[in-house]
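2 protein chains.
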Amino acid sequence: MTVSEKSLASAIRALSMDAVQAANSGHPGMPMGMADVATVLFKDYIKFDPTQPKWADRDRFVLSAGHGSMLIYSLLHLTGYARPTIEDIANFRQLHSPCAGHPENFELAGVEATTGPLGSGLATAVGMAIAERHLNAQFGDDLVDHRTWVIAGDGCLMEGINHEAIGLAGHLNLGRLIVLWDDNKITIDGAVDLSSSEDVRARYAATGWHVVSCDGHDVADVRRAIDEALADPRPSLVACATKIGYGAPNKAGTSGVHGSALGEAEVAAAREFLGWTAEPFVIPEDVAAEWRRIGSRGGEVRAAWEGRLAGNGQKAEFERRMAGDLPADFSLDAYIDTLIANPQKVATRKASELALGAINDLLPETLGGSADLTGSNNTKTKSTGPLTRDDYSGRYVYYGIREFGMACAMNGMALHGGVIPYGGTFLVFSDYMRGGIRLAALQQQRVIHVLTHDSIGLGEDGPTHQPIEHVMSLRMIPNLDVYRPADIVETAECWELALKDATGPSVLALTRQNLPQLRTEKTENLSAKGAYRLRAAKADRKVVLIATGSEVEIAVATADLLEGQGIGADVVSMPSWAHFDAQPQAYKDDLLPHHVLRCSIEAGTTFGWDRYVGIAGLRFGIDTFGASAPAEVLYEHFGLTAAKIAPQVAAALDH
Amino acid sequence: MTVSEKSLASAIRALSMDAVQAANSGHPGMPMGMADVATVLFKDYIKFDPTQPKWADRDRFVLSAGHGSMLIYSLLHLTGYARPTIEDIANFRQLHSPCAGHPENFELAGVEATTGPLGSGLATAVGMAIAERHLNAQFGDDLVDHRTWVIAGDGCLMEGINHEAIGLAGHLNLGRLIVLWDDNKITIDGAVDLSSSEDVRARYAATGWHVVSCDGHDVADVRRAIDEALADPRPSLVACATKIGYGAPNKAGTSGVHGSALGEAEVAAAREFLGWTAEPFVIPEDVAAEWRRIGSRGGEVRAAWEGRLAGNGQKAEFERRMAGDLPADFSLDAYIDTLIANPQKVATRKASELALGAINDLLPETLGGSADLTGSNNTKTKSTGPLTRDDYSGRYVYYGIREFGMACAMNGMALHGGVIPYGGTFLVFSDYMRGGIRLAALQQQRVIHVLTHDSIGLGEDGPTHQPIEHVMSLRMIPNLDVYRPADIVETAECWELALKDATGPSVLALTRQNLPQLRTEKTENLSAKGAYRLRAAKADRKVVLIATGSEVEIAVATADLLEGQGIGADVVSMPSWAHFDAQPQAYKDDLLPHHVLRCSIEAGTTFGWDRYVGIAGLRFGIDTFGASAPAEVLYEHFGLTAAKIAPQVAAALDH
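Going down the list, the sequences are from chains Y and Z. Residues in the first sequence are numbered from 0 upward in steps of one, following numbering that gives the first Met the number 0. Residues in the second sequence are numbered from 0 upward in steps of one, following numbering that gives the first Met the number 0.
Just so you know, not all the hints are guaranteed correct.
It does not matter which identical chain is used: a pair holds within one copy or between any two.
Simulated pairs of lysine to any residue, SDA-like, Cα-Cα distance not exceeding 20 Å [to be verified]:
| no. | residue 1 | residue 2 |
| --- | --- | --- |
| 1 | 643 | 617 |
| 2 | 541 | 231 |
| 3 | 499 | 357 |
| 4 | 53 | 144 |
| 5 | 381 | 193 |
| 6 | 381 | 556 |
| 7 | 587 | 616 |
| 8 | 184 | 387 |
These aren't lab readings, by the way, just hints derived from the structure by calculation.
My request is simple: use the sequences and hints to build the entire structure.
Below, the structure written as structure tokens:
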């Protein structure tokens with residue numbers, strides 16, 4: 000006897016309402032509303048194998064409407080993934096259950112992306128779809144031939160990030176990206192038309208998407224719509240008309256079912272309505288068996304793929320790329336040797352370009368780009384031709400004026416695997432994409448942000464463009480490495496560190512203005528320690544000057560002035576707070592001894608520098624907004640010159 | 000003899016190219032490309048009076064493509080504003096010139112909004128247009144009857160914020176908003192089609208906008224298009240086909256003219272092409288006279304308006320509102336008295352709702368809203384009915400799932416004047432609108448952000464929704480006041496402070512979870528000092544516990560445990576770092592003496608607390624991402640309970 004799709008969907012609905020009820024917290028409406036669509040999707044379309052959740056050629060499924068997390072937990076459990084178990088689901092939203100309030104990629108192998116911040120999931124999926132086409136172009140249909148599926152809600156579509164994401168997807172004609180829109184006409188505040196009058200279909204069509212609609216509770220109609228989407232070469236939006244909380248007879252179709260448990264009475268009524276007689280967290284054997292069968296259908300396809308991989312000449316390289324391992328012999332030593340041999344004065348953004356020239360030749364997996372500031376961010380090198388709708392093999396994405404879209408797309412590329420994404424914009428615009436940077440850190444993904452024009456040193460563009468609090472505020476995001484290199488050698492070192500850390504994102508804060516090469520001797524990677532003594536005091540040491548990036552040059556000049564007065568001054572360059580904090584205490588105490596006056600110099604907020612200079616120390620920086628003028632005038636104006644700093648240091652020592 | 004519009008436009012082009020050339024920095028392409036459109040706009044349409052730049056019923060003009068700042072500097076100078084002078088323009092992008100790289104509202108009275116971060120200007124204009132209709136509904140056509148004009152570029156339209164802004168404008172049918180799109184098909188990286196394939200017109204139409212196109216170099220055609228826009232009841236997008244850098248014969252139409260000086264040779268060629276023989280920064284007298292005439296045409300209209308105002312019964316109230324003054328008798332004392340009389344345990348988000356109940360009754364100028372979290376942010380009160388396309392008199396905006404759009408719209412409302420905007424979302428989503436919050440601070444605008452669910456205390460939603468670094472990272476934005484109140488009384492005090500500061504924005508970080516009322520005696524506004532001794536040690540003082548928000552309760556419990564062991568512990572509540580830093584040194588030393596162990600307790604990053612606890616102090620907080628579980632479980636998990644903190648404090652004292 001066959002099990003009806005309604006029964007399969009009822010299993011999702013029951014698990015969802017019961018888990019939310021047990022937690023007395025969560026969002027039952029979306030999983031119940033989209034259960035029919037999800038059933039069709041997993042039963043007949045998505046390519047996956049629960050026994051091998053990380054199979055490289057699996058389809059990617061992103062639940063962009065992450066609050067409806069019980070939908071994916073139900074699907075993963077029912078189709079036979081090792082986790083979540085039924086106990087995990089019964090412990091939904093409890094400490095140590097992998098079934099967190101929102102789906103987390105680091106909790107469950109079957110969750111492709113951490114979602115919840117609305118719109119970011121769909122934008123992440125765009126990056127996955129780019130990576131898929133790019134790797135397909137590099138490795139061929141035999142190894143890379145899969146789709147990216149998204150379930151999104153009205154919130155995802157209303158967020159600004161949606162515009163950036165679909166604009167990029169439409170422009171690149173990512174036909175293997177299919178978005179199933181839970182068109183339920185309800186948001187948390189009430190009906191969608193309380194806050195939006197948009198013709199969503201027309202907007203997507205205007206942005207180069209194929210659009211098709213269906214009744215989200217009619218499985219045949221859902222199938223028809225998905226088949227149309229598959230047949231169309233463009234990315235597709237499938238508008239699924241649904242009733243939020245479908246199955247809850249008294250509350251379905253209202254915002255009341257969006258983010259609260261149904262309550263015992265309504266759960267009972269839903270059981271009645273659905274004809275679902277099983278106890279909470281119990282799946283009738285026939286339904287369970289059919290779901291397991293669905294979960295097993297990908298096994299043969301995967302086995303065939305494994306066979307193709309085994310016979311493919313690119314097997315080793317493909318596996319290396321997908322594992323995220325750098326080539327065993329990867330090193331920037333030879334490149335850095337050339338720098339030591341021929342010292343030069345360049346902006347660190349230019350230094351980054353030079354480093355990338357070496358890196359992009361050594362690492363075929365880098366995939367660069369910029370949010371319309373290619374010439375300013377210096378992110379393009381000769382080995383990175385443009386990735387276009389006609390040639391996905393290119394290694395450079397013109398992201399357009401879409402910073403947040405770029406950040407999320409890069410997250411998706413990293414999550415997909417096989418590529419190492421990097422992208423540029425001005426540091427001040429990290430504000431536009433901060434949500435995306437944070438998600439890279441939370442998801443533990445190697446995404447590299449090339450953020451140039453990193454201080455008042457950018458000059459005339461003025462306060463809207465001059466970072467003040469940005470470097471510091473990025474330093475406090477957990478698992479984000481922020482590097483602010485001082486010269487061409489440190490820039491190469493920081494690039495090396497960023498590339499070698501496969502467990503989190505990095506920010507490179509780089510200058511517009513030229514900086515002298517301060518490192519002229521061959522050494523180990525000193526930036527790896529986070530901070531190091533660039534120059535030891537000649538006279539008896541009275542002060543330690545700590546600086547980062549473009550201000551290390553100023554610290555050196557300040558030390559010169561002080562030494563001229565017989566005041567010994569160490570200069571410490573500190574490209575990375577996080578790496579320094581991870582050093583042994585003895586190293587830290589040696590570098591920054593407590594009994595010596597310590598002063599920080601950084602052309603940004605002084606907020607936070609107390610950590611290294613103590614209450615008695617001096618903090619040179621800028622705690623107001625910037626101004627519009629040439630860079631050197633601004634450094635003078637804000638008191639960040641050796642001539643202005645040295646006397647204050649000397650005076651502090653006199654006290 | 001009449002002066003041709005081409006000559007009028009040539010004056011803009013000449014000033015723009017000459018100023019950029021003198022600075023050897025800036026963006027000549029946009030002002031030169033849009034000079035014809037701007038000429039028509041100022042000559043025949045915009046209502047303004049250079050002698051009274053802050054005339055309440057003037058049209059608002061926002062240059063969203065702020066990099067083209069020479070366009071507005073030229074227009075303001077030519078039409079007769081006191082500033083910029085021709086010397087100001089000759090000093091374009093130099094220190095102390097009001098002609099900064101990007102237009103700054105605090106530098107020039109004629110600049111309505113600070114622009115430069117792309118897209119934010121247009122989104123700000125949406126707020127201005129909302130404020131205009133709202134005040135029109137409250138004060139009538141006689142006093143409020145003006146339009147909002149925007150010049151935007153491709154960058155403005157490609158940014159995600161554009162989707163949020165036009166979605167809101169279309170939904171509210173802001174027919175008095177007209178956006179002139181500089182459709183020049185060029186971005187910094189090259190042709191627009193390098194990164195976008197969008198049908199912009201169709202997208203705007205899908206979002207409820209009227210769309211019309213014209214040749215941006217044919218003044219009659221521009222006029223026709225603007226007339227059509229004026230006739231249509233919807234917000235209008237006027238697509239102006241232009242050639243970027245028009246007038247520069249060899250470089251026009253290329254990205255090379257976007258962000259660099261033309262060079263001496265091309266400037267000379269442009270003079271030849273335009274037939275412009277005047278020296279740099281010299282305007283021929285006939286052209287200057289015609290521009291001054293244009294500038295004078297609004298005088299009569301303004302005089303007539305002044306007459307209507309003089310006879311209007313609402314004159315005093317209207318002037319008070321537009322001046323941004325609170326009613327002379329405004330006070331929350333009576334409300335706070337009721338709190339003292341009847342202590343209660345409520346979440347500070349609920350406390351905020353209760354305070355707003357009192358505030359919204361006392362202040363007709365508040366204009367609230369939420370980004371689709373009304374019931375969670377507790378931002379709606381009984382006196383704030385919805386503002387809709389059919390009734391602009393409402394005092395509550397359903398912003399939809401558009402955080403950044405909300406932030407920028409609120410900036411525009413504040414810049415327009417006459418209203419005090421406040422809006423809610425979850426604190427973690429401050430990341431989505433950080434660019435907007437920063438622009439409020441830079442523009443010195445009273446915008447109040449109600450940011451609830453301010454820590455792991457929100458519980459089960461997990462790490463995507465739990466702020467860790469957010470409160471601290473907001474504290475470092477210059478001119479932004481961040482408040483984290485500890486109970487219902489502090490919440491009222493912080494609201495009062497936020498309302499009374501007309502020179503900058505505020506953030507109220509509020510809890511989801513209930514907090515006991517710690518303040519039960521009538522006092523002055525203690526939050527005004529930023530920090531104060533909530534409880535003095537009973538035993539000999541050995542430690543000062545500093546806490547904010549929901550952790551003040553924990554500090555009190557910790558003090559109880561310590562006092563039980565004979566360890567005297569002060570408890571300091573610190574709702575505002577900025578206010579505390581502004582206190583006299585003696586007050587600060589008394590509250591946080593250096594010789595006593597100091598410990599901070601805050602359910603967020605410990606980064607930055609060194610400032611108040613010193614190197615020897617203890618910092619209790621969370622430096623990783625959060626987790627999904629009930630709030631009390633998480634506080635236990637992350638060690639933020641009195642039972643876990645007290646022993647560590649005692650141990651530190653034993654050393």
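Exercise for the section: Would you list, in rising numerical order, the hints stated earlier that this structure does not obey? Expected result: Violated: hints 2 and 6.
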